[in-house]
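Visitor: Assemble the whole structure, with the sequences as input and the hints as a guide.
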Amino acid sequence: MIRFDNVSKVYPKQTRPALRDVSLEVEKGEFVFLVGSSGSGKSTFLRLILREERCSHGQVHILGKDLARLSNWKVPQMRRQLGTVFQDFRLLPNKTVAENVAFAQEVIGKSRGEIRKSVPQVLDLVGLGGKEDRMPGELSGGEQQRVAIARAFVNRPKLLIADEPTGNLDPQTSVGIMKLLDRINRTGTTVVMATHDQNIVDQMRKRVIELEKGRLVRDQARGVYGYQH
Amino acid sequence: MRAQFVLSEIGVGLRRNLTMTFAVIISVALSLALFGGSLLMSDQVNTMKGYWYDRVNVSIFLCNKSDAESDPNCAKGAVTKDQKDQILGDLEKMSVVDTVIYESQDEAYKHYKEEFGDSPLASSLTPDQMQESYRVKLKDPEKYQVVTTAFDGRDGVQSVQDQNETVDNLFELLNGMNWAARAVMALMLVVALMLIVNTVRVSAFSRRRETGIMRLVGASGFYIQAPFIMEAAVAGLIGGGIACAFLVFARYFIIDHGLALADQLTVINFIGWDAVLTKLPLILATSVLMPAFAALFALRKYLKV
Chain Y
1 MIRFDNVSKV YPKQTRPALR DVSLEVEKGE FVFLVGSSGS GKSTFLRLIL
51 REERCSHGQV HILGKDLARL SNWKVPQMRR QLGTVFQDFR LLPNKTVAEN
101 VAFAQEVIGK SRGEIRKSVP QVLDLVGLGG KEDRMPGELS GGEQQRVAIA
151 RAFVNRPKLL IADEPTGNLD PQTSVGIMKL LDRINRTGTT VVMATHDQNI
201 VDQMRKRVIE LEKGRLVRDQ ARGVYGYQH
Chain U
1001 MRAQFVLSEI GVGLRRNLTM TFAVIISVAL SLALFGGSLL MSDQVNTMKG
1051 YWYDRVNVSI FLCNKSDAES DPNCAKGAVT KDQKDQILGD LEKMSVVDTV
1101 IYESQDEAYK HYKEEFGDSP LASSLTPDQM QESYRVKLKD PEKYQVVTTA
1151 FDGRDGVQSV QDQNETVDNL FELLNGMNWA ARAVMALMLV VALMLIVNTV
1201 RVSAFSRRRE TGIMRLVGAS GFYIQAPFIM EAAVAGLIGG GIACAFLVFA
1251 RYFIIDHGLA LADQLTVINF IGWDAVLTKL PLILATSVLM PAFAALFALR
1301 KYLKV
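Residue numbers (my numbering), protein chains in the order written: chain Y, 1 to 229; chain U, 1001 to 1305.
Please keep in mind that the hints were generated in silico from the structure rather than gathered at the bench. A few of these clues could be false.
[Unchecked claim] With a straight-line cut-off of 30 Å between C-alpha atoms, the simulated DSS-like cross-links for lysine-lysine are:
1) 13(Y) / 1301(U)
2) 110(Y) / 1301(U)
3) 74(Y) / 1304(U)
4) 1143(U) / 1081(U)
5) 13(Y) / 28(Y)
6) 1301(U) / 95(Y)
7) 1304(U) / 110(Y)
8) 13(Y) / 95(Y)
9) 1113(U) / 1084(U)
10) 95(Y) / 65(Y)
11) 1301(U) / 65(Y)
12) 1304(U) / 213(Y)
13) 74(Y) / 1301(U)
14) 1304(U) / 13(Y)
15) 65(Y) / 131(Y)
16) 1065(U) / 158(Y)
17) 1143(U) / 1093(U)
18) 213(Y) / 13(Y)
19) 1065(U) / 1081(U)
20) 158(Y) / 131(Y)
21) 213(Y) / 65(Y)
22) 65(Y) / 1304(U)
23) 1304(U) / 95(Y)
Guide: Here is the structure:
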């Protein structure tokens, strides 16, 4: 699903690499926490997976494809198999819940019939049935993140990337979001989640990958957060 | 891809930057109207060149009896038959000369009457007051000076007139106007392009949320860029339409009605409607393609896909 071979990333005009010689593999259906302090390279790691950036050295394989050899115009096709969720939700404030989810299907050219069928389905899945016509501003943070997850999941991606999805939420709401991500994971979708939330990592007991100053310092099955604030 | 979705995006985009859209429309309209005007002006000059240059003669006016008394060029008296034969012979030997037509006093009187009718001056004229002349048609109208220098000041010749003198001034004026129009057009074009680039930049910035999401869910680059390019193209097309309307109205009001130059300057052969209408597709095509390419260029810089 994800394979990094000796991957390094140096941003232009910077001497210190953001990632240093990282090698790892994530199998289909896994749930992986990505931990590390700010500036440890978590975001770069995720950006390489999404091919927002290209690595400076080494190879990144996503869904069996070598991203270095993937031509620019094929990148959208690759991204359609990924879902992404962010700390700040990134919803469109002038569209309703249903429209926000439908947007992800409209822009990749899904038919209206397909959209009409899949949007209520996925909203039910994330527990927002009946709130289709609400505006994002009327929803709580947890609900907004559920909309974002619905949007990320509506195209049934094989891999879900979550960048601190609970970063803006209180602990109780976070637990709900984690349950939802766990449910999505159980449908066979691989989940990679960057987080700072110690409780969640310790509770879930999933695989933990820890980065420190760009290096992979820990890769532990059924791990705990470990990193001290 | 769903057309309705793209269309609604364009509408939203154009409304969001309403003032910018207007600025783009107006600058495109102005620059293309000037572009069309400049093309038509060139056409007009060519038309007039055809009209004048076909008929232009270098006219060699010969001395008559009254000139012999009043004109210093004719101090040696009216032209004699020998002098006339000499002039005709020399003219026919010149390589630049195409044909020579002799105009007698009676013919000159007749032409004068035709042109000026029963005006008081014309009615007091008699044929023997008219001048005999050689009307010379040249192979290359631009070379009239050769004839002028050869015959000016010769015995029996009152004056050599080339019609080009007056015409050339007109052409120079028209050409000058044409260049001025082109200069303003170029300036307006630069303004239009910069406005488009800026509009796209603002538009891309105000929609970065949407485009960011589109990118993440795997919308193709074309799908993300299309609304921006179409926005620019639609604004450009409206501007082009205005430019076309402007040209049609200009032709209508300056030549046919309003100023009605066609009635007042009957001596000038004006460009027809066909000249105007054939320019319109070119203007419309330019009005769509130019902003579209400007937008594409701007997107490469301001919108990551």
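Visitor: Evaluate each hint against the coordinates.
Guide: Comparing the hints with the structure gives:
no., hint, result
1, 13(Y) / 1301(U), "holds, 20 Å"
2, 110(Y) / 1301(U), "holds, 29 Å"
3, 74(Y) / 1304(U), "holds, 15 Å"
4, 1143(U) / 1081(U), "holds, 28 Å"
5, 13(Y) / 28(Y), "violated, 36 Å"
6, 1301(U) / 95(Y), "holds, 28 Å"
7, 1304(U) / 110(Y), "holds, 23 Å"
8, 13(Y) / 95(Y), "violated, 39 Å"
9, 1113(U) / 1084(U), "holds, 25 Å"
10, 95(Y) / 65(Y), "violated, 35 Å"
11, 1301(U) / 65(Y), "holds, 28 Å"
12, 1304(U) / 213(Y), "holds, 28 Å"
13, 74(Y) / 1301(U), "holds, 20 Å"
14, 1304(U) / 13(Y), "holds, 20 Å"
15, 65(Y) / 131(Y), "violated, 38 Å"
16, 1065(U) / 158(Y), "violated, 110 Å"
17, 1143(U) / 1093(U), "holds, 15 Å"
18, 213(Y) / 13(Y), "holds, 17 Å"
19, 1065(U) / 1081(U), "holds, 14 Å"
20, 158(Y) / 131(Y), "holds, 26 Å"
21, 213(Y) / 65(Y), "holds, 27 Å"
22, 65(Y) / 1304(U), "holds, 22 Å"
23, 1304(U) / 95(Y), "holds, 23 Å"
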